[in-house]
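Q: Residues per chain, in single letters:
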Amino acid sequence: MHWRPSANLQTLRARAEMLAACRKFFAERDVLEVNTPVLSRCATTEPNIASLEVGSALWPRQKWYLHTSPELAMKRLLVAGSGAIYQICTVFRDSDYGQQHRPEFAMLEWYRPGWSYLELMDEVEALLHSLRDASTLGQTQRFSYRQLFQKFLALDPFSADVEACRRCCHEQDLAVPENMGEGLNTWLDLLLSVLIMPRLDPGCLTFVYDYPADQAALAQVVEKEGLQVAERFELYWGPLELANGFQELTDVQEQRGRFAAENERRRNAGLKEMPVDEMFLSALASGMPLSAGVALGLDRLLMALTGSETIAEVITFDDAWQSQSE
Amino acid sequence: MASYSTSEFKSGLKIIIDGDPCMIVDNEFVQPGKGQAFNRVRIRNLKTGRVVEKTYKSGESVEAADVHELEMQFLYADGEFWHFMHPETFEQIAADAAAVGDAKLYLKEQDSCTVMLWNGVPISMAPANFVVLTITETDPGLRGNTAQGGSKPARLETGAVVSVPLFVEQGEAIKIDTRTGAYVSRAKD
Numbered sequence: 000m001h002w003r004p005s006a007n008l009q010t011l012r013a014r015a016e017m018l019a020a021c022r023k024f025f026a027e028r029d030v031l032e033v034n035t036p037v038l039s040r041c042a043t044t045e046p047n048i049a050s051l052e053v054g055s056a057l058w059p060r061q062k063w064y065l066h067t068s069p070e071l072a073m074k075r076l077l078v079a080g081s082g083a084i085y086q087i088c089t090v091f092r093d094s095d096y097g098q099q100h101r102p103e104f105a106m107l108e109w110y111r112p113g114w115s116y117l118e119l120m121d122e123v124e125a126l127l128h129s130l131r132d133a134s135t136l137g138q139t140q141r142f143s144y145r146q147l148f149q150k151f152l153a154l155d156p157f158s159a160d161v162e163a164c165r166r167c168c169h170e171q172d173l174a175v176p177e178n179m180g181e182g183l184n185t186w187l188d189l190l191l192s193v194l195i196m197p198r199l200d201p202g203c204l205t206f207v208y209d210y211p212a213d214q215a216a217l218a219q220v221v222e223k224e225g226l227q228v229a230e231r232f233e234l235y236w237g238p239l240e241l242a243n244g245f246q247e248l249t250d251v252q253e254q255r256g257r258f259a260a261e262n263e264r265r266r267n268a269g270l271k272e273m274p275v276d277e278m279f280l281s282a283l284a285s286g287m288p289l290s291a292g293v294a295l296g297l298d299r300l301l302m303a304l305t306g307s308e309t310i311a312e313v314i315t316f317d318d319a320w321q322s323q324s325e
Numbered sequence: 209m210a211s212y213s214t215s216e217f218k219s220g221l222k223i224i225i226d227g228d229p230c231m232i233v234d235n236e237f238v239q240p241g242k243g244q245a246f247n248r249v250r251i252r253n254l255k256t257g258r259v260v261e262k263t264y265k266s267g268e269s270v271e272a273a274d275v276h277e278l279e280m281q282f283l284y285a286d287g288e289f290w291h292f293m294h295p296e297t298f299e300q301i302a303a304d305a306a307a308v309g310d311a312k313l314y315l316k317e318q319d320s321c322t323v324m325l326w327n328g329v330p331i332s333m334a335p336a337n338f339v340v341l342t343i344t345e346t347d348p349g350l351r352g353n354t355a356q357g358g359s360k361p362a363r364l365e366t367g368a369v370v371s372v373p374l375f376v377e378q379g380e381a382i383k384i385d386t387r388t389g390a391y392v393s394r395a396k397d
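Residue numbers (the working numbering), protein chains in the order written: chain G, 0 to 325; chain P, 209 to 397.
Hints may contain errors.
[As the list claims (entries may be wrong)] Here are the computed lysine-lysine pairs in the DSBU-like style, where the Cα-Cα straight-line distance is at most 30 Å:
| # | chain 1 | residue 1 | chain 2 | residue 2 |
| --- | --- | --- | --- | --- |
| 1 | P | K262 | G | K150 |
| 2 | P | K222 | P | K312 |
| 3 | P | K242 | G | K271 |
| 4 | P | K316 | P | K255 |
Treat the hints as calculated values from the structure; they're not laboratory data.
The following block holds chain G by itself, in its conformation from the complex (with noise of 0.2 Å):
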């Protein structure tokens, strides 16, 4: 049996100064370490977003759910007066599984109330800028959503349609996947997963900000210069997708549409409702404060930082996740 750990030791001290380094940046910076449970009876209702469920013996009708983010209870810990708050902890996404993706994985997440995401975009950049020497990586680069797929396709995503996505794969030798269908959401990830991530400037990070409003996920939407966008943002290191802000949505009413859109969304794909989180609404409507947050997958970061090329180097042990054939 290959009972040893799939990250060599060198790596598992590179996890430990890494670990050790964000939580001295955030003890400076008076960013409160928090932890919320990892089993919930509420589950996330994003449709790309699989959790996995867990059943007691406590209540055998009950069904639990492992976290796919500590995001909505950190954000009952920001209503309840918390201040700014950090998070280190494992988080499951089932489904999820590739060079760079584990059904496990390890995240760390925080929020600022008070706080712009553009401004938090910059604190994101000074905490990695204090695990890797600045002068070992470019300039940071910062693109809009829009403005990427115009200096990297050449198209104007709010206002491309399937066709002019369609075109632009051909344009791109790109073969289309079958079942793409007509959302237009589905045909922008293709274009930006396999056509533009694997093309972002190796050596340096990049941000990417104000998403359609429909990729808005759990961020406030505004109008700027006549589009509807999402204040969100992804940073990238590379090539690897590291982190996922928001502008924090703030509205209730809001809030719930959102989730049962999702849960629309989902009966129309085929899958299953999901619980809405009552106790979130709940804080909501007692009055969260603007806040921007954002989510860090720690185990890719270590990847950047250590130079590896798959997730498993820097898992202390895959084995629960290789296939039973081999």
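Position chain P against the provided structure of chain G, taking the given hints into account.
A: Same frame as chain G, now just chain P:
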């Protein structure tokens, strides 16, 4: 009909694409943040050997290809088909020129060969990595050329033409690496 979900994709998996049996060479799962995930795969067409890239929406299913490999003994060629026998069941099958491909250059009667079958029909094959074949035609060796120096073409009993050292003679048996078509050595009896 058996099928595989993209979550089962891994290198070596055999699936049907556009009606042809194919094998996954490598598979990469990509997902843009919170969006739709995709599997980017490189696939070898098992009939033509061509490698192509293909993208699947994660969660899609693809038909499995009933492809397996068998060690079989080459019996004879009749001009149109090459005939092979299963060494245990003695069952015989015939392969056409497309399935035999370049293997025909190294197939000698009684030799064994790895035959790839799709739904029981041969689609490709690989001879043993090293085979011993007799030279049927080559220029006479030159005196003094023993271990080093130039090479010359030699026709083998199967019709293959390979490059051999000058000291090798017509009628000799030589060892050939079938993956490169290169001369290895004189065959030792």
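Q: Compare the structure with each hint and give your call.
A: Now for the hints, and whether the structure bears them out:
Under the criterion of a C-alpha separation no larger than 30 Å, the hint pairing K262 of chain P with K150 of chain G is consistent with the structure, at around 25 Å. Taking the CA atoms of K222 of chain P and K312 of chain P, the gap is about 25 Å. The hint holds against a cut of 30 Å. Between K242 of chain P and K271 of chain G the alpha-carbon distance is near 18 Å, which keeps this suggested pair within the 30 Å criterion. The suggested pairing of K316 of chain P with K255 of chain P holds, with an alpha-carbon distance near 23 Å, which does not exceed 30 Å.
No hint from the list above goes unmet by this structure.
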